[in-house]
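Visitor: Take a look at the letters that make up each chain.
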Amino acid sequence: MSQPLHIAGVKFLKALAKHSDIIMQAYLSGRVNELEHDAKVLDKLIGLGVLWRPEPSEDLRLRSSIRSLLENNLRDERNRQLDANIGSKLAAIKTITSHYKEALHHQNYVESEVYMEDLTEQVYGLVDSLKSNVRNLWRRIHNEFGYVGSINAKIRENELAQSQLTDMRKQLAMFQFDELADIAGSSRELRRLLVVHLQRCHSEISQELSIAQSKLIDLLGKFREYLHRSQLLKGYVLHCQQKPDYHIKNYAELNTVPPLFNQAEAILKPASIDVNNIEHERLFGEIVSHLKQVRHSKTNKNERGSQSFNLNDIEEINIESDELKQAVEQYFCQVIDTGNRLSALEFYQQQNLELDQEEWIYGVINGFYGLSIEEQDFFQIGPLGHPHPLFDGNYIIEDVELGLR
Amino acid sequence: MNSLKGQVLETLLSGGFICKTTDELSYQFLQNTENFADVEQQLNLMNRTITSTSDDQVYFCAYQVIGDSERRSVAQQFRDVSSSLLPLVEWLVLVQEAKGDNSPLSEGKVVRLNELQSVIEDTPAFSEQLSKIARYSLFNSSSSAVDAQLKLVFKRLVDLGYLLRPNPDNQIYLATGKVDYLFEVIRFIDDSENLQLAEQAEEAIKQGDLL
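In order, the protein sequences belong to chains P and F.
The end of the first sequence is residue 405 by our numbering, with every number in the run present.
The end of the second sequence is residue 1211 by our numbering, with every number in the run present.
Calculated directly from the structure, the hints in this document are not laboratory data.
Just so you know, nobody snuck in bad clues.
Ranges between beta-carbon positions, derived for each pair:
1. F:Lys1206 - P:Asn33: 36 to 44 Å
2. F:Pro1124 - P:Leu74: 36 to 44 Å
3. P:Ala173 - F:Gly1006: 56 to 64 Å
4. P:Asn33 - F:Glu1193: 58 to 66 Å
For glycine and all other residues, C-beta sits at the position ideal for the given N, C-alpha and C.
Generate coordinates for the entire structure from the input sequences, incorporating the hints supplied.
Guide: Now the structure itself:
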């Protein structure tokens, strides 16, 4: 039946696809540069109703129907139009219903079917446009009007959205379901479309709208708060710049301190370590094992610092010999001087040394064996004593005698 | 282990601010009227009470009765707040302008130090502003490099409780409720001294537009 319509539609869509570049350019820049494109193509697009010229001297522009199609499909944020013209659509629905009922009355079933199709399309179209309006509103709410920069512009956008929303709610009030129910009468199909479906969508949408409205008011409050805060900050900086001697009044001295400035002092300090707590032993052990010995403590800085010292020759070293050693030396010297043999105890008595006798004798023996081998060769040392009276083979040394060889 | 109530008491008594960002659990705990009354009772033993900003976003500890010694402490706190107000406000303005935001920093907002740094480094006016801020005694920076100044300022702000660094591995900061407290302070001063700060700002913007 609609074969010619089908062919024309396909042709139109093909033309759109073929010239999608031009259309998108027109969509994005707002107009078409006629010098860049073939005049024939542009004429064809004008003929198809895609482009139009609002005034003879103006550039070519995109038709609003194509533009809104693109906006809806691309979910473009610039799409801020809400189609709130519900009244005329409702009137159309009522008219088509009358046509349908008349056709049914005349038992013209073919025609009535066409009207039914048309009616269904109208009802679904109405619901869809309402729903897309709500979606559109929510999209703007969700990104907090991100498509405009300044907070003032956001506030204006918010106000626009609110007025559109109010319009929509007013239009929604035009749905009069008792009237629609009357029109639908006893027809099951009509009741399903006009009463059940529309009513369900109506309540859904009005609910959504009221949520959106409260959200919008919230957002507006938030924007105003942002604006106020920014202004406060800038105002304070300006105020301080213009009046450099400005000081905040001392609110802490007031009789009743404002709660904002009543801040208690921190009284909790970290708790101390309890080394006797067995439960904490492992923790403390770990802490101790992680301790590093700090050798660069500040206290011994002076000692670590550079010091001055002399590099002169060492003048004299005094080694203070002890008494025994000196006595031994004297003894040796005397033997050398006199050239006679002299027993150690004789020297001991001569000099009246105040040493233990045995210690003295050992000292002499030590002195002799302490000499180098060449020096030992100059002397001869011999023990003086007697054999043990009981056990033969044992010789008891009582004295030593030193002489020159 | 410390219970949630203990944790709340500890934070309050050590002079901390509790908001959703710094400690969500404690904040939720205090939102409950029963818990609130319980904590309040404990604090009252020590002549302390819980206060919050007007919108209940931040809780902190205040004196119940202000005697002489309390007044001295309150006066000291007030001196701290009022002396750090201008540097903090200038910093907030700088952050807002450098980020190109519509609204100043507030609780829960994210500041990325690296992003901020690159913007400030690219804009001489911002880096000048930053070095002015960093020289205030509150921050006390002697460095002339943007990098060092910015890091010092952020570190100080974290120490003072205005910012939070959730992950020490990266330079992403969150503003805490103490920032909102700051706004309350300015608003209070504006109201009680009738400074008309907002009008002044608007006037200046209008004059700027004319020029």
